[in-house]
Amino acid sequence: MQIMSSASRGSPASNSWRAQFYLSRNTKIAIVFLLPSIVILAAIIIFPIGYSLTLTFQSYSLVIPGKTGQWIGFENYQKIISDEAFWAALGRVGLFTFLAVFIEVVIGVAFAYLLNTIHFGRRLLTSLLLIPTILTPVVIGLMFNLIFNAQFGLFNYLMQLIGIRISDGILNNPSTAFAALVAIDVWEWMPFIALIMLAGMQAIPEQPLEAAQIDGANAWQTFWMVMLPMLRPVLIVAVLFRAAEAIREFDKVYILTGGGPGTATELADLYLYRVSFSNWDLSYGATLGMIMFSLAMAAAILYFYITVKRGEIQR
Amino acid sequence: MKNIISWPYIKDIQEVLKRGAVILISLILIASFTACTPSATPPAVPETGLETEAATAESGWSKEYEGTTLNFIAEATLNTTILKELLPDFTEKTGIIVNVEEAPYDSLVQKVVLDFSTHKGGYDIISMPYEYLGSFAENGYIMPLDEELSKDAAPVPDFSTDDLIPSLWEASTKWKDKIYGMPSNSAVMMMFYRKDLMENEQEKAAFQEKYGYPLAPATTWQQYRDIAEFFTRKAGDTLAGETLTQDFYGVSLAGKRHIATVLEWFNYAWTYGGGLFDSSGQLQVNSDANIKSLEYWLELTAFAPPGYTSATWDEVTAALQQGTAAQAITWADTAGSMEDTNASKVKGKIGYASIPTLKEGDKKVAHLGSWIYAISVDTQNKDAAMLMMKWALSKSIQLQLSQKGGLPATISAFSDEELNEKLPYWKQTMVSLEESRIRPRIPQWGQISDILSEQLSRVMVKEVSPADALSEAQKQLQEALKDALPVTAE
Chain Y
14 MQIMSSASRG SPASNSWRAQ FYLSRNTKIA IVFLLPSIVI LAAIIIFPIG
64 YSLTLTFQSY SLVIPGKTGQ WIGFENYQKI ISDEAFWAAL GRVGLFTFLA
114 VFIEVVIGVA FAYLLNTIHF GRRLLTSLLL IPTILTPVVI GLMFNLIFNA
164 QFGLFNYLMQ LIGIRISDGI LNNPSTAFAA LVAIDVWEWM PFIALIMLAG
214 MQAIPEQPLE AAQIDGANAW QTFWMVMLPM LRPVLIVAVL FRAAEAIREF
264 DKVYILTGGG PGTATELADL YLYRVSFSNW DLSYGATLGM IMFSLAMAAA
314 ILYFYITVKR GEIQR
Chain C
33 MKNIISWPYI KDIQEVLKRG AVILISLILI ASFTACTPSA TPPAVPETGL
83 ETEAATAESG WSKEYEGTTL NFIAEATLNT TILKELLPDF TEKTGIIVNV
133 EEAPYDSLVQ KVVLDFSTHK GGYDIISMPY EYLGSFAENG YIMPLDEELS
183 KDAAPVPDFS TDDLIPSLWE ASTKWKDKIY GMPSNSAVMM MFYRKDLMEN
233 EQEKAAFQEK YGYPLAPATT WQQYRDIAEF FTRKAGDTLA GETLTQDFYG
283 VSLAGKRHIA TVLEWFNYAW TYGGGLFDSS GQLQVNSDAN IKSLEYWLEL
333 TAFAPPGYTS ATWDEVTAAL QQGTAAQAIT WADTAGSMED TNASKVKGKI
383 GYASIPTLKE GDKKVAHLGS WIYAISVDTQ NKDAAMLMMK WALSKSIQLQ
433 LSQKGGLPAT ISAFSDEELN EKLPYWKQTM VSLEESRIRP RIPQWGQISD
483 ILSEQLSRVM VKEVSPADAL SEAQKQLQEA LKDALPVTAE
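Chains as they are written, first to last, in this note's numbering: chain Y, 14 to 328; chain C, 33 to 522.
Simulated from the structure, these hints should not be mistaken for lab results. Quick caveat, the model's predicted, so the values are computed rather than measured. Some clues are possibly wrong.
[Unchecked claim] Covered stretches of chain C, going by a simulated chain Y footprint (3 or more residues, C-beta under 8 Å):
1) 111-122
2) 368-376
[Said to hold, decoys possible] Keeping only pairs whose Cα atoms sit at most 20 Å apart, straight-line, the calculated EDC-like set for lysine to aspartate or glutamate is:
3) C/K507 x Y/E97
4) C/K427 x C/D121
5) C/K427 x C/D448
6) Y/K92 x C/D515
7) C/K381 x C/E392
8) C/K514 x Y/E97
9) C/K208 x C/E179
10) C/K507 x Y/D96
11) C/K143 x Y/D264
12) C/K266 x Y/D181
13) C/K414 x C/E179
14) Y/K92 x C/E511
15) Y/K80 x C/E170
16) Y/K92 x C/E504
17) C/K206 x C/E170
18) Y/K80 x C/D515
19) Y/K80 x C/D147
20) C/K494 x Y/D181
21) C/K514 x Y/E88
22) Y/K80 x C/E511
23) C/K143 x C/E133
Using N, Cα and C, we set each Cβ at its ideal position, and we do this for glycine too.
Using the sequences and the hints, build the whole thing.
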């Protein structure tokens, strides 16, 4: 995982002043290729972020009369400080992201290791493994809604077969509902981690592994002390991808629990949705969005900084 | 990427690509510009009613707006489906074409609010839940119709405002002395119960022995509770002489964190003498009456099917249809599906009655859930839209709608003899409509429903006590409604 800008790739390795501004033909072509996406990105990312930022200093509701964009300074930001529900939701999404990504990584790496050792039918297995990941989250939500149904759901039925009688649905109890959402997320995204790790494992040169074996390392030691360190750059990217996804978890929760029972599964994005589209307080919703965005960015930068500083990713 | 770029024919395609990029960008720009301009500006429609008489067709319906296209959005329900089936009749009579869009509750509200707030005029006429009346009226999103109704612009043979059910007319269309719409259906809550079980001699005797009074459809909450307890049985027990193959429950109720839960609770709160606001318009969410009503409801959950904490009106309907629950407080518009052989195992076994009260002889209350037709202020086709409303509420259309299983909003349809004979819930629906009461229609309704659904759900999963949950709701609502108190118009 070499981090390199595509523009620098084609430029000649000269350090002269002219060369700094000289664009090779390849670079020009690259720019032409990139331009449409740059324009689109500007339109769909930079403009909305700028607009959201101005909205955070306004009072704007689509249903409450008299709130049509009046400037209110930092009132929205002040409101956040005392908004317990938001902080609780943020805490919940933090826990959700940590648990989901952690479990996904553990199981995903194990899966990848197993897949890496077998040769017969690996392609078929990896293709099958992809199924949960390519399903639409909404479909997954609807599917598990039936599976976890208290009266005629598959889950309770299977549990009953092995002798565990659950009197209530798994989604009807605050703690099991949260656990169920984590489990569904693991089911959906573990294959993604497994596939990335499998690709990483296949890119590892044979020699260090052989050397370790000759030195008398057992399978676990080879994996833990030789293979895993070499996989770390891949792992870091996989975790970053998944964490960025998990932080904005919405679809499945919206369909399965609507944030309930009580507030047990109210994740930050769901709270944002409620503020913006149930209460129609768009300005406050934008403010919450800004805070979320900043926190996620800060976490990503911190994570990246630590890993790069530790030399895991070479610049 | 490198390989592609050093491809031998690169020089030729370079030029092509450059041009391609320019064209692509231009297309994107054009597309984004066109997306910003108001789409589909409808043709101007003559605004005067002068030629009305002359333009009147043989059917008695005005053909003045022939060729006009109306965009109409309504909730995806049976009523809308039926109305859609009947619309060719309207097009034939008036020459007006109607595009119907169907959407579920949440999505309908969102679409409509976004269309209204951007003044795009995408919808000429909408069917909306009445709790948004205050908000839409005060924001100037929908048109007051008083003048239109009084001058009686276009002659409509089969329609009269006198035929509209008064409670619907008053409660769901009037906001601060102005009329903003007309009722589009007559959803109201009532009590559903298993008539066959109540009439079973064996059960009657057992009930009399256990509770000391005869078994009959509940009229008080105490009776409702006793009946629920009495009929809650395990698989293998006997019910009305038959051995049960699965568990049977005394009630079915909605307890999910969902608007269904909030709407059902209002019935208990109101009959207990509670409500959201006191007589001076201040919040009284944590009043004794409200707490008592919630404690009572929580007590009922002992006799409800598992999973009630994730149940909405859909699950309540299903439990009744599947014959696994003996009673429920639910929506009259699901009664049709109880009597539908394809969907229901209890056809002909369900009785319909008014919602019980705290004490015998108390004033009956039923939660009204009617939707209303309203006209967007941004429409260019106001008169055509008015005509469609009147057509939809005309006697013959309301009758046809009822015959096909929909819920009408007219007295004539409810007093139709044939329908009364055929539909066991017909009479009761009309009675419940007369007893009906409305939920607050203030612009802050969204927040009210949101806060209450969270707190009620916490009670249902026994996370907090009713008193604590309602105190928390009171606190949150006080903050959310601080600019709106006291609430003088509900």
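*Between C/K514 and Y/E97, does the CA-CA distance stay at or below 20 Å?*
18 Å, holds
*Given the proposed pairing of C/K427 with C/D448, does the C-alpha separation stay at or below 20 Å?*
11 Å, holds
*Has the given pair, C/K206 with C/E170, been kept, meaning a C-alpha gap of at most 20 Å?*
Given pair C/K206, C/E170 holds - Cα atoms ~12 Å apart, limit 20 Å.
*Below or equal to 20 Å on CA atoms is what counts here, so check C/K266 against Y/D181.*
Judged against 20 Å, a Cα distance of about 15 Å means the pair holds.
_Against the 20 Å threshold, does the CA-CA distance of C/K507 and Y/E97 hold or violate the hint?_
Roughly 13 Å separates the two Cα atoms, so the pair holds.
_With the threshold set at 20 Å, check whether the alpha-carbon distance from C/K208 to C/E179 stays at or below it._
15 Å, holds
_20 Å Cα cutoff - pair C/K143, C/E133_ = 11 Å, holds
_Given the hinted pair C/K414 and C/E179, is their Cα-Cα distance within 20 Å?_
Satisfied, since the Cα-Cα distance of roughly 12 Å is no more than 20 Å.
*Taking 20 Å as the top limit, are the C-alpha atoms of C/K381 and C/E392 close enough?*
Violated. C/K381 to C/E392 sits at ~26 Å, over the 20 Å cutoff.
*Taken at face value, is the distance from the CA of Y/E88 to the CA of C/K514 at most 20 Å?*
Roughly 15 Å separates the two Cα atoms, so the pair holds.
*Given the proposed pairing of Y/K80 with C/D515, does the C-alpha separation stay at or below 20 Å?*
11 Å, holds
*Restraint status (C-alpha distance of Y/K80 to C/D147 at most 20 Å)*: 17 Å, holds
The structure does not agree with the numbered hints 1, 2, 7 stated previously, though it agrees with the rest.
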